[in-house]
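Following the hints, position chain W with the ligands against chain U.
In order, the protein sequences belong to chains U and W.
With this note's numbering, letter number 181 in the first sequence gets 181, and the count goes up by one each step, no holes.
With this note's numbering, letter number 39 in the second sequence gets 39, and the count goes up by one each step, no holes.
Treat the hints as calculated values from the structure; they're not laboratory data.
Any given hint could be a false lead.
Cβ pair distances, simulated, as ranges [to be verified]: (1) U:Asp166 x W:Gln44: 19 to 25 angstroms; (2) U:Gly105 x W:Ser34: 36 to 42 angstroms; (3) U:Asn180 x W:Gly23: 18 to 24 angstroms; (4) U:Gln12 x W:Pro15: 28 to 34 angstroms; (5) U:Leu478 x W:Glu131: 54 to 60 angstroms; (6) U:His132 x W:Asp41: 21 to 27 angstroms; (7) U:Glu570 x W:Ser34: 42 to 48 angstroms; (8) U:Glu570 x W:Arg27: 43 to 49 angstroms; (9) U:Gln215 x W:Gly23: 29 to 35 angstroms.
Here are a few chain U residues that sit away from chain W, every Cβ distance over 12 angstroms (derived from the structure) [unchecked claim]: (10) Ala13; (11) Lys63; (12) Thr115; (13) Thr122; (14) Ala140; (15) Pro246; (16) Glu266; (17) Asp300; (18) Val315; (19) Arg338; (20) Arg358; (21) Tyr480; (22) Arg503.
For each residue, glycine too, the CB sits at the ideal point set by N, CA and C.
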Amino acid sequence: MTGAEMVAAALQAEGVEVVFGYPGGTVLPIYDALFRYNVRHVLVRHEQGAAHAAEGYAQSTGKVGVCIATSGPGATNLVTGIADAFLDSVPLVAITGNVARASMGTDAFQEADITGITTPITKHNFLVRDVHDLPRILKAAFHIAATGRPGPVLIDIPKDVQNSVDDFTYPDSVHLEGYNPNLRPHMQQLIKLAALIKASNRPLLYVGGGAIRAQTSEAVRTLAEKLHAPVVMTLKGLGAFPESHPLSLGMLGMHGSYAANHAVLECDLLLALGARFDDRVTGEVASFAPNATIAQIDVDPAEIGKNKPVDLPIVADLKRAIEALLPLVEEGNLLPQRQAWVDRCRHFAERFPFAYDRTATILKPQAVIETLHRLTHGNAFVVTDVGQHQMWAAQFYPVDAPHQFITSGGLGTMGFGLPAAIGVQIAHPKAQVILITGDASLQMTMQELATVAQYDLPIKVVIINNGFLGMVRQWQELFYEKRYAHSEVVSIPDFVKLAEAFRIHGARVDSMDGLDASIEHALAIPGPAVIDAIVDPQENVLPMVPPGAPLSAMIGWWSKEEEEQEQQREAALYGGRLT
Amino acid sequence: MNRRHTLSVIVVNEPGVLGRVAGLFSRRGFNIESISVGETDNPQRSCMTIVTTGDAPTIEQLTKQLNKMVDVIKVVDLTEEPIVARELALIKVNCSPAHRAEIEALIAPFRADVVDVGRNALIIQTVGREEKVAALVELLRPYGIRELLQTGVAAMQRSGAAGPVPVDKKEAHG
Ligand SMILES: Cc1ncc(C[n+]2csc(CCOP(=O)(O)OP(=O)(O)O)c2C)c(N)n1
Ligand SMILES: [Mg+2]
Numbered sequence: 001m002t003g004a005e006m007v008a009a010a011l012q013a014e015g016v017e018v019v020f021g022y023p024g025g026t027v028l029p030i031y032d033a034l035f036r037y038n039v040r041h042v043l044v045r046h047e048q049g050a051a052h053a054a055e056g057y058a059q060s061t062g063k064v065g066v067c068i069a070t071s072g073p074g075a076t077n078l079v080t081g082i083a084d085a086f087l088d089s090v091p092l093v094a095i096t097g098n099v100a101r102a103s104m105g106t107d108a109f110q111e112a113d114i115t116g117i118t119t120p121i122t123k124h125n126f127l128v129r130d131v132h133d134l135p136r137i138l139k140a141a142f143h144i145a146a147t148g149r150p151g152p153v154l155i156d157i158p159k160d161v162q163n164s165v166d167d168f169t170y171p172d173s174v175h176l177e178g179y180n181p182n183l184r185p186h187m188q189q190l191i192k193l194a195a196l197i198k199a200s201n202r203p204l205l206y207v208g209g210g211a212i213r214a215q216t217s218e219a220v221r222t223l224a225e226k227l228h229a230p231v232v233m234t235l236k237g238l239g240a241f242p243e244s245h246p247l248s249l250g251m252l253g254m255h256g257s258y259a260a261n262h263a264v265l266e267c268d269l270l271l272a273l274g275a276r277f278d279d280r281v282t283g284e285v286a287s288f289a290p291n292a293t294i295a296q297i298d299v300d301p302a303e304i305g306k307n308k309p310v311d312l313p314i315v316a317d318l319k320r321a322i323e324a325l326l327p328l329v330e331e332g333n334l335l336p337q338r339q340a341w342v343d344r345c346r347h348f349a350e351r352f353p354f355a356y357d358r359t360a361t362i363l364k365p366q367a368v369i370e371t372l373h374r375l376t377h378g379n380a381f382v383v384t385d386v387g388q389h390q391m392w393a394a395q396f397y398p399v400d401a402p403h404q405f406i407t408s409g410g411l412g413t414m415g416f417g418l419p420a421a422i423g424v425q426i427a428h429p430k431a432q433v434i435l436i437t438g439d440a441s442l443q444m445t446m447q448e449l450a451t452v453a454q455y456d457l458p459i460k461v462v463i464i465n466n467g468f469l470g471m472v473r474q475w476q477e478l479f480y481e482k483r484y485a486h487s488e489v490v491s492i493p494d495f496v497k498l499a500e501a502f503r504i505h506g507a508r509v510d511s512m513d514g515l516d517a518s519i520e521h522a523l524a525i526p527g528p529a530v531i532d533a534i535v536d537p538q539e540n541v542l543p544m545v546p547p548g549a550p551l552s553a554m555i556g557w558w559s560k561e562e563e564e565q566e567q568q569r570e571a572a573l574y575g576g577r578l579t
Numbered sequence: 001m002n003r004r005h006t007l008s009v010i011v012v013n014e015p016g017v018l019g020r021v022a023g024l025f026s027r028r029g030f031n032i033e034s035i036s037v038g039e040t041d042n043p044q045r046s047c048m049t050i051v052t053t054g055d056a057p058t059i060e061q062l063t064k065q066l067n068k069m070v071d072v073i074k075v076v077d078l079t080e081e082p083i084v085a086r087e088l089a090l091i092k093v094n095c096s097p098a099h100r101a102e103i104e105a106l107i108a109p110f111r112a113d114v115v116d117v118g119r120n121a122l123i124i125q126t127v128g129r130e131e132k133v134a135a136l137v138e139l140l141r142p143y144g145i146r147e148l149l150q151t152g153v154a155a156m157q158r159s160g161a162a163g164p165v166p167v168d169k170k171e172a173h174g
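Bound conformation, chain U alone (with noise of 0.2 angstroms):
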């Protein structure tokens, strides 16, 4: 069997439905194996979409995402979103074809180092020297991605190692002595951490894309309810736990909710499930949750205390150890302290929503997102990209299932959005998928709406189009003394047009008249729909806590002075009870 064709073996041997990819010269032998062993292959029109596609059906699925690209310019077309999956963490496996091993280090036409470049990149990457390795290497390339951490792996063939023929035997199973993640849970630290949950009056369960990843937010459902501790989730765990759930805060960081971030600086014991410490979650880290006892549990251990120092570390695999830990605890309903700590947090979630002004009469973006959250009954794959709106969409469409909001958190990548969507869709063909873009962010990768367009994907591309790179205009605008130095979208594509040309339904709406049914008749038609929604180009996303500020500096949509009656008015209500 030829090398090419082991990969094709190799790929329906692991049961991979997929590939998204782009061919040319050195990957041809793969492209031919492909073809000949009917693996589906999706064409996408830049090879950074290949790579975020493959995130978009990892994170939507749980299974790894597969993306192909030639030597040199292909290759490094993936770097993007091989590092997006990286900090995501997110299970890829990534082929890249390189020139013959004869010409390599000669600067041959179309080589690139591309082993060398995504080292950095990735949880392991392997250049195939020998046709008899790669059978071992494509199997320990999927058990590194998918186990542990998961994580991105790249795979660089040669094309004549591609072409060379050897016996051809896929391994069960695959041995790696420098590579076994712990998973089993050390009983005596479970033991302590119960005793620790057990003498705390307000625990609090900080929750991160961990948790999605480890395939465990039923279990994390069952602690929060026994333990009667309110939830906080950070941008990639959104969807851990069902946001609509009362013991729920939502998201915490710089755009968090007011209720998860104060419930930081309040709690006596933070348990960070899955979650790494992130600066765009914890602003000033020595400020963070300073009341606490902080116990945190993680499948990496060099996540464990790499950002802010942990009492109680316990390194395994999220599902093991919650599983195990929950026959330890008590239920904590019935303590009156832990009622009057919820009773406290969910005041603050009442009284300090996430908002906007309800009655203006210009677009709101919230206004367009709270409608999609409406329309869908909140069911949608929501796909976000990078910017104001993809915190609005974080803020205004709550989410209650795992997999279901997804979005570029580690590395911020503008131009995730679309060629994730596509994954998205691929993976899940009857779900209703929403992108939910940027003007600015949509432009990166816009070319992949010819995917979109030839495979016929019912995406519904909602543009929230405030003509600025709005993110970055906030910052300018509260950190630069509003000079806006070039980040006016001054020349706007007429998006309505582009998608038409690409033969996809376009609709542009600019009030709150025409939102409702704009978003109904993009839902109820079959195929694919852009919506152009023209909206407030000033308005900024609150709260925000400046970065690298304590979580107490956020800045709100109301007052200090607001903020501090509410903080009596609390204090006479439940002071009593916390202890």
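Below, chain W with the ligands without anything else, positioned relative to chain U:
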């Protein structure tokens, strides 16, 4: 508090592994004072001896990041262990024929050897602990050192000791 640590890192013996390990240090801002690499008894493994400085949390993070690499099989922090640590230095020093006897007498207590003799220079080879090498270099400096090469430390645990626990096992559960 910053402290010197000697780490013994067992890795798979494959091309590119040294680059990966070195890249980890630069990318995450850890410093390397010296690194020496060689094949072990098992040709499928190499051993890197890395000397680095950092405070306790930095060294902890460094060892965790090293352990995380698929090519790294084991990391052992030898700092607290009874070890034999040696480095080799080659010192090319100015030496007129008139001074040769003087220099030879000078280096004798160091059990250093003259391994090359030129008209106006000698190459001296010394093997030992870093302090010894440094002391010899200082003694020779007044004659004029033309070239100095140091291999970096190779370290091995003394036999008979209980044996250090690999760092991952120590740290995993606090
Ligand atoms: C590839 C890339 N380049 C630059 C940035 C920096 N950046 C963050 S948000 C933003 C503006 C995004 O504008 P738009 O997509 O219109 O969204 P808005 O903030 O206006 O909602 C920029 C430039 C980025 N995140 N990604
Ligand atoms: Mg914009």
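Taking the hints in turn, this is what the structure says about them:
1. U:Asp166 x W:Gln44: 19 to 25 angstroms: 21 angstroms, holds
2. U:Gly105 x W:Ser34: 36 to 42 angstroms: 28 angstroms, violated
3. U:Asn180 x W:Gly23: 18 to 24 angstroms: 22 angstroms, holds
4. U:Gln12 x W:Pro15: 28 to 34 angstroms: 30 angstroms, holds
5. U:Leu478 x W:Glu131: 54 to 60 angstroms: 56 angstroms, holds
6. U:His132 x W:Asp41: 21 to 27 angstroms: 25 angstroms, holds
7. U:Glu570 x W:Ser34: 42 to 48 angstroms: Distance hint for glutamate 570 (chain U), serine 34 (chain W) is violated at roughly 59 angstroms.
8. U:Glu570 x W:Arg27: 43 to 49 angstroms: 46 angstroms, holds
9. U:Gln215 x W:Gly23: 29 to 35 angstroms: 32 angstroms, holds
10. Ala13: Non-interface label stands for alanine 13 (chain U): nearest chain W Cβ at 21 angstroms, farther than 12 angstroms.
11. Lys63: Lysine 63 (chain U) clear of chain W: closest Cβ-Cβ about 21 angstroms, beyond 12 angstroms.
12. Thr115: 7 angstroms, violated
13. Thr122: Threonine 122 (chain U) is in fact no farther than 12 angstroms from some Cβ atom of chain W, at 10 angstroms.
14. Ala140: 8 angstroms, violated
15. Pro246: 34 angstroms, holds
16. Glu266: It holds; glutamate 266 (chain U) is separated from chain W by about 26 angstroms at its closest Cβ, greater than 12 angstroms.
17. Asp300: 7 angstroms, violated
18. Val315: 5 angstroms, violated
19. Arg338: 27 angstroms, holds
20. Arg358: Holds, since 47 angstroms exceeds 12 angstroms.
21. Tyr480: Holds, because the least Cβ-Cβ distance between tyrosine 480 (chain U) and chain W comes to about 28 angstroms, which exceeds 12 angstroms.
22. Arg503: With a cut-off of 12 angstroms, arginine 503 (chain U) remains clear of chain W, as the shortest Cβ separation is near 45 angstroms.
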